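**Q** Build the full structure now, drawing on both the sequences and the hints.
Each chain, letter by letter, is given below.
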Amino acid sequence: MESSVISWPLIVWLLPIAGAVAIWACGPLLRRFAGPLACAVIGAAFVGTLALWPAVAAQPAGVHVTMFTWAPGITVGLLVDRLSFIWLTIITGVGFLIHVYAIGYMEGDRAEARFFAYLNFFIFAMLTLVMADNFVFLLVGWGLVGLASFWLIGFWIERPIAVEAARKAFVMNVVGDVGIMLAIFALFATFGSLSYADVFAKAAQGPGPVMTLIALGLLAGACAKSAQLPLHTWLPDAMEGPTPVSALIHAATMVTAGVYLVARCWPIYQHAPGAMETVGVIGALTALAGAVLGVVQWDIKRILAYSTMSQIGYMIMGVGVGAYSAGVLHFYTHAFFKACLFLASGVIIHNLAGEQDVRKMGGLAKRMPVAFWSMLAATCAIIGVPLFSGWVSKDAVVYQTLAHGHPVLWLLGVAAAALTAYYMSRMMWVTFAGSFRGDEHGAHAHGHVPAWVMGLPVALLGAGSVVIGWLNWPHEGFAEFLAPIFGGTDVAPAAAWGGEFLSTQIPLFIALIVGAGIAYLQYGTAGALAQAPARLEREAAAQPAFLVKLYYWNELLDALFVTPARALAALCARIIDPKLIDAVLVRDVATDAGVLGLLFRRWQSGLVRTYALTLLCGAAAIIVYIAVVR
Amino acid sequence: MADSLLWVVLLPIVLGFAMFALPKAGDGIARGTGIVVSAAELLLVALQYGRVGHQVSYPWFTDSPWTAAFHFGSSQIALLFCAMLALITLAAAIVTNVQRERDFMAQMLLLEGTMMGLFLARDLLVFALFWDAMLVPVFIMLVNWGEGTAAAWRFLIYNGTAGLGLLLATAAYGILAGTTDVIGAAHAQSLAAGAAWWIFVGFAFSYAVKTPLFPFHTWMPDTYTASPAPLAAVISSVQSKSGIFGFLVIGFGLFPQEMHRWAPLLSLLGLIAMIYGALVAMWHDDAKRVLAYSSLSHLGLLFLGILSFNQLAIVGVLVYAVAHGLFNAVMFLVVGYVEQREETRAISRLGGLGINNPKLGGAMMVGSMALLGLPGLAGFAGELLILIGVWGSGQHWYAAIALIPIVLAAVYMLRVLLKVVWGPEVQDLPVRPDLAWWEIVAVAPLAAALLLFGLWPNLAAPAAHDVVNVAASVAAAAPATVSEASH
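So the protein sequences, as listed, match chains H and E. Position one of the first sequence corresponds to residue 1 (the numbering used here), numbered consecutively onward. Position one of the second sequence corresponds to residue 1 (the numbering used here), numbered consecutively onward.
In short, the hints are calculated from the structure, not lab data. Certain hints may be false.
Partial list, derived from the structure: chain E residues whose beta carbon lies under 8 Å from chain H [said to hold, decoys possible]:
(1) Ala193
(2) Trp283
(3) Trp391
(4) Pro462
Below 30 Å or equal to it, Euclidean Cα-Cα: the simulated DSS-like pairs (lysine-lysine) are [unchecked claim]:
(5) H:Lys168 <-> H:Lys549
(6) H:Lys579 <-> E:Lys419
(7) E:Lys359 <-> H:Lys168
(8) H:Lys168 <-> E:Lys419
(9) H:Lys549 <-> H:Lys360
Values in this document were obtained by computation on a predicted structure and should not be read as measured data. Here a beta-carbon is modelled for each residue, glycine too, at the ideal position from N, C-alpha and C.
**A** Printed below as a string of C-alpha cells:
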C-alpha cells in the first residue's frame, strides 16, 4: 500500500530522533526530566506502531512510503510489512519498558540526560534499520545502531576497559559493514536497483556465484552485528556499558539485526548455492560455542552475554535452515526473557553497589523477590521448561533443523540446550540460593525514584517470558502471520521422523533435565550450598585455561590481523616513506635539479617571497584593470 | 561596474590587499574584517546559484602566440567547490588566533580569492595563473606563522615544479590548439594523439602533485603539520581539490582518450595511496600527521572513482570531494582547538579531554565519525557511490580491496579520538575552558553540511553533469581515430 508523505511510519520513525535531539540540546535544562521525556517519546512511538497494525494486518505487502531520490537511480523510503512490524513492536515496546527502568538505574549519573539522548538515538537508528525499504538505508541504520552501541558501551568514558570494549565493538562492526557494502556493489551491478522490491522480485534470475557472494557479504554484516563466529568477541566485552544498554541493545534488539537481515533477504539466500548451509552451520556452532563459554563465567552479565550469543546462534541456525518464521519467533520470545534477565541482574547490581561477580552473591531470593521471581520465569523460558515462551520457540527451531534435513545441526542444538540448562541453573542457584557471601556494607542508598520504576518493567518482562510464546498457538500462528513475507517457503517439506513430539520435545526435555540436574547436584543441594564459598573458589581455580581464555580467540585475531597490520604500518611509516620515497624519489631528484640550477642562479636575486608577491600583484592588477576600466 | 561573478574572484583579493591599510595593532578589527569579508564572499557565491552558466570574458592574447582570455564562468561543479571554499574560509576566519592577525587575515583572503579564480576560470592560462598564484599566500603564511621555514620551502619548490609542468603543458596546448579558452567549452579542440599524451602528462603531473597522489605526497604531511590550524583546514580541504577539479573538468573535458590511456596507472596509484596512507596514519603520534596521511588515503579513493569512468562514481567523487573538504576542515580546526588548550597535539600525551571539555569532545566525535565513513554522513555516501561505480565498471578487485582502508580508517581514527577524548584524564595536562561559542559556530555549519550531503548526496548530481565525456571516453577509447579525424 502506498501511503502519503505525512504518515504513521514517518511519524514513528522520526519521533525518537526528535526526542534525542531535544534531550541532547536541552539536557542541562531538563535535568531529571530527561528520562521521563525520553520514555514519553518511545511510548508514543509504541502507540504509533500499534496504530499501524490494521494497515499491516490488512495489507500483505505492508505499508510503503517513498521518500526521496538518494542518488541517481537509488530511491529511498520506508516499508512496514509484517516482518518489520514484528521488530517494531519489540523495539518500541520492550524499548519503552527498558527506558522506564533506566530512569531508576541511571538516577544521579553525571550524564543522565546524555544517556537518554543516546538511548532515543539508538531507537531511531534501529527503526531506520528495520523500516528501510532498500539496502542503502538498511546500511545507514546498521551503521547508526553501531554508533549508538559504541557510545553506550563507552558511556563511562573515564574507564579504560569500557573504552577498549567500545573500540573493539566499533571496529568489528565496521568489518561487518564493509561486508554489506560489498553485497551492495554486487546487488547494484546485478539488479540495477537497491530497493528490496526490485531485488527480491528478480532474485531468481541472479547468477548463482554472484548471489552467493551477495549472501556471504550480508552474512559478514550479520555475524558482526549479531556476535556470531568468528566476529563474536566484542559482545561479552560490551557488557561494560550500563545494564539497560545490555538489555536493550546487546540482547533484545540490535544484536538480532543479523537474524532480521537473513530473514529479510531470504529470496537472495534461496538462490545462493551454499549460503544457507553456511548460515546454518555458523548459527549452530555459535549456539554451542557460546553455551560452552557460559559455563565458565562468574560475572553475571557475562554469563548472560554468552547466553545471548548462544541464543542468537539458535535464531541464525533457524533462518539458515530455511525455517525463517521459527527463527523470528525465537527472536521474539528471546527479546522478553533476555531483557528480563538483564534488567533483573541490573536490579541486583544496582542494589549491591556495582557487584557483578556471582561468587559474591548468594541468598538474594529473599532480599530481592521481584528480581528473583522474574529471573526465575525468564530462566525457565530460556532453558525450555514446557509451556514457557522459550520452550515454544527453541523447540520450533530445533525441530525445523531436522525437518529441513540437517540432523547434525539438530544434534548441536540439543547439546547447546543441555548446556544452557546447566549454566543458567548454575547461575540461579549461585546467585539466589544459600546465604549471602558479599560485603554487607555495599548496600545501595536509594534516591527519590520509587522502586516500581525498576521493578515494574522487570515484572512485566518476566510475565512476558512466560506467556509470549503462546502467540504461536493454537496452530503455528507466527508462520501463518509471516506467510505473506516468506511465501510459504519456510514450511518444512515433510514431517521429520517421529513428529515434533518424539524427535524434538522429548530429547530437549531430557537435555533440560540432565543440564539442570547436574547444576542442582553441583550447586543446589544443601551440602553444596553450605560450603559454597570454598567450593566456588576451588572450582574457579580448576577451570580449563582453554575455556577461561575464551578459546584464545582474541589472541588468534590479534596474531592474524592486528600484529601484521601494525608491523606493516611501522614499515611504511619508518622506512618506505622517509627513506625510500622521500629520500630516493624526491630529494635526490631535487639535488640533481639543484646542480642544473647553478647555471641559472645569476638570473635570480634569491628572494622568492619578492617574486611571489610580484607575481600576485601583477595578476591582481591585470584583473582589476579589466574589471574596472573596461 | 563589473559583473558579480568577477567580484567573487576580486572581492577577497582586493580587500585582502586593502587589509594592509588597517592599523597594525588592531587584531580585533582585522579578524572582524576578515569574518565579514569571508561571510560576504559566501553570500556572493550563493548568489551565483541564481544564474548558473553565466560567463564573463575579456580578451588577453588576441592571436599570437595563441588566443587567451580572462574568461570566467559559473557552473554547477565550479560553484560546488567555490561554496565549499567560502564556507571553510569563513570557519577558518572565525577561529583564527595568531600573532599579527591583520597580515594573516589578508593572506587568507588572498588565498581564497586566488582559489576562487582557479575554480571559475574558463581559460587554461588563467587556470595556470591562479594555480601558481595560490601558492604564494600559503608560502608566506608558512614562513611567517608556520613551524619552521623548511616546510615552506619544500612546499614552494615541490608545488612550483608541478606548476611549471602545468604552465608548459598549457603553453604547448595553446600553441597546438590555437587557443586556451577551452575549459567547459562544448566543442573543445581535440589534439592530435601524438601530442596529446605528453601534454596530458604535464597536466596530470601537476594535478597529481597538488592533490597529492602517491608517490608525490611527501611534501604534504610536512606542510599540513607546519601550518597553523586555519591554514591547514583550508589547504588540506580545498587546495587539495584543485587537482581533483583539474582531472574532472580539464582531464575529462579535453583529454578523454588520454584519461583512459593513463587510467590503469593512475587508479593503481590511487589504490596504493588508499592502503599506504591508511597504514602510515596508524603509526604516527602527531595528530596532524595522522590527518595528513588519512587525506592521502581518502584522496586515493577519489582517483579510483574518477578513473572508473562511471557516471554514478562521478557523483560519488563530487560528494566525497566535498565530504573530505568538510571533515578535514573540522578535524584540523578541532586539533587546533586541542593544541591551543593543551599545548601539544601528540596523541600519546593527551587523554580524557571529553570529561572536562565535552563540547570539544563532541566536535572531535563528529569530525572523526565523518572521516571514518559513518553511514548517514557525507563521507559514507561518497565512498559507497564511488565504489558502486568502480564495481560497476568491472573493477571488482579494486572495489573489494578499497574496502580494507575503510576498516583501517576506523582503526586509526578511533586511535586518535579515544586516546584524546575518552579514557582517564592525564594528570599533568592543563585544564582549560571548553569550546567558546564562536568555536562551535565555526564548525557547526560544516557538520550540518556533512549531514545534508550524507542524507541527500543527490545534491551533487547536477554538478556531475558538468563532468563531460565520462562514458564517452570509454566508448571512444577503442578507436583512437576520433581525435585524428577532428583535427
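**Q** How about Trp283 of chain E: closest beta carbon in chain H under 8 Å, or not?
**A** holds (4 Å)
**Q** Measure nothing beyond the straight line between the CA atoms of Lys359 of chain E and Lys168 of chain H; if it is 30 Å or shorter, mark the hint as holding.
**A** At roughly 24 Å apart (the allowed maximum being 30 Å), Lys168 of chain H and Lys359 of chain E satisfy the hint.
**Q** Between Lys168 of chain H and Lys419 of chain E, does the CA-CA distance stay at or below 30 Å?
**A** holds (14 Å)
**Q** For the pair supplied as a hint, Lys579 of chain H and Lys419 of chain E, is the alpha-carbon distance within the 30 Å limit?
**A** holds (29 Å)
**Q** Straight-line Cα separation of Lys549 of chain H and Lys360 of chain H no greater than 30 Å?
**A** This hinted pair holds, its Cα atoms lying about 22 Å apart.
**Q** Hey, Lys168 of chain H versus Lys549 of chain H, does the alpha-carbon distance stay inside 30 Å?
**A** holds (17 Å)
**Q** Can you verify the interface hint for Trp391 of chain E: is its Cβ closer than 8 Å to any Cβ in chain H?
**A** holds (4 Å)
**Q** Restraint: Pro462 of chain E near chain H, CB-CB cut 8 Å. Satisfied or not?
**A** Since the shortest Cβ distance to chain H is 11 Å, the answer is violated.
**Q** For the restraint on Ala193 of chain E, tell me whether the closest CB of chain H is nearer than 8 Å.
**A** Hint violated; Ala193 of chain E Cβ to chain H Cβ min 29 Å, cut 8 Å.
In summary, the numbered hints that this structure violates are 1 and 4.
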